[in-house]
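Novice: What follows is each chain in one-letter form.
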Amino acid sequence: MIKVEQLTKYYGPRAAIRDLNFEVAKGEILGFLGPNGAGKTTTMRILTGYIPPTSGSASVAGYNTFTQSLEARRHIGYLPESVPLYTEMEVSSYLDFMARIRGVPGRNRRARVNYAMEALHLTHVRDRIIGKLSKGYRQRVGIAQALVADPDVLILDEPTIGLDPMQIIETRNLIKALAGSHTVILSTHILPEVSATCSRVLIINDGEIAAEDTPENLTRRLRGAETLRLEVRGPRDEVARRLRSLPRVVEVAVTDGGDGRHAYTVVCELGADLRERLAATVVQEGWGLLELRPVEYSLEEIFLRIITEEEAAAPEAVPV
Amino acid sequence: MGNIWAIAQRELRSYFVSPVAYVVTALFLLISGFLFSLILGVSNEASMRPLFGNFAVIFLFIVPALTMRLLAEEQRTGTLELMLTAPVRDYELVLGKFLGVFLLLLIMLAITLVYPAILLLAGNPDRGPIFSGYLGVILQGAAFLSIGLLASSLTQNQIIAALLAFVILLLLWLSDALGNFTQGRIGDLFRFLSITKHYDEFPRGVIDTRDVLYFITITAAALFFTVQSVTARRWRG
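Chain order of the listed sequences is A and B. Note that my numbering gives residue 225 to position 23 of the first sequence, counting from 1, and the numbers run on in steps of one. Note that my numbering gives residue 268 to position 152 of the second sequence, counting from 1, and the numbers run on in steps of one.
Don't take each hint at face value.
With the Cβ distance kept under 7 Å, some of the chain B side facing chain A (calculated, not the full set) [stated by the list, open to error]:
(1) MET117
(2) ASN119
(3) ALA124
(4) ARG126
(5) GLN191
(6) GLU197
Because the hints were derived from the structure by calculation, they are not lab data. Glycine included, each C-beta is placed from N, C-alpha and C at the ideal position.
The following block holds chain A by itself, in its conformation from the complex (with noise of 0.2 Å):
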């Protein structure tokens, strides 16, 4: 549905992006991660037909993003991140006159409208000046406005800040209720977001794909072993030294805890689960067992890795 093909956008002598390449395929939720700066929007942008590429090429359901923009511009909606809205118009209008432009015939256009308004609870604000809005309702009109057409992809550039926790869980409910029969793209911060909604996560920082993959596999791929918690009333030092002499155990971390109770960190090899083995362990040896759990890495800190990881790599930049 949505191609990319060595994509690259130079602002003056600043690369905003350089040479991405991916894919999404129909039906997928697709997510961007990066930080701020790292090139989401500009991709967007691009995507979305706003502004031409400096190489490379962009393709939304078959068409060429800058040689067809216009039959590509039909096949979307879009969510700019500043949430731009006519302020002066009441909801319905403003989403009335979104459906005409984006070529929604006049006999479906008061159905589509309701449709996009009730998916948003917005139909009790329907005659009320967009300008007089809270930002969470205006959000909310911004993501409707992007419904309103039915299009084959959403373009959805941080769509849920803003939104209070109740609006947020709404909102993922929503975009992940449209995939199969949308494809979407969502921007974000919010790494939960990501985990929540995406079936695939991109990684861009700098302009660059970092990363590439399921929510899932990533969290696998980073891994690189399994990590228990456990917290055990015992001899730290005798503990410790037990458990590291375990077999298929890699790294033994202590924290001191009070009382005789001290909590260990430990790392084994990839695809061993010694669970039971380290329990039996302590139990046998007298001690007392009190917390053994997994220990998963969140989103956050696969992200912030890969990022710091990509800038520790990365050679020093040649000036073009």
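Fit chain B to the known structure of chain A by using the hints.
Specialist: Same frame as chain A, now just chain B:
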């Protein structure tokens, strides 16, 4: 075509939601009404000619006020990004904006039809010059508006858009006077460009195709450059 009309409708409605349309129309009617009665009082002649002559000067001020927000505001708020990523051609956006403000001007002029109505009731004016006079005003208005729209496309700042439009219109307005001070070919050029010269015949009842062409050309040229300006936005990112 549908897009142009949709955009024009939106723009026209938007004018009437803000104070701008009302204030400008009120001022326009106030000034022209004042002039109308003054002229009538002095000349006792059932003619719109002197008033038509003054419309142009009034337009010099109110057109920038009307057009300043058309594209500048869209750039400032970011709605231009929405418009340029919708399946709307750049020229459709520009024509839609132009049509919207042009319709507003027509509404304003329609209200001034009370003046010839009064003349018809009270006297026996020549109908011909009134028709051609309004035609001239409309053509001139279109040209002014298109220049105002061009100015608005060049900046995010409404004030600058208004000032730019005013300066350009003023230069065109003064072109005739400038022409009188300059010799030879350049003088001819100035006089050729002059708005006053091309407008003068209309209130007299003369529709010279050269004059009509002049205004249409200016309007078309300004709109063309406006489309280029909007398209250039994309390249600047």
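Novice: Which hint numbers doesn't this structure obey?
Specialist: Result: hints 1, 3 and 5 break, sorted rising.
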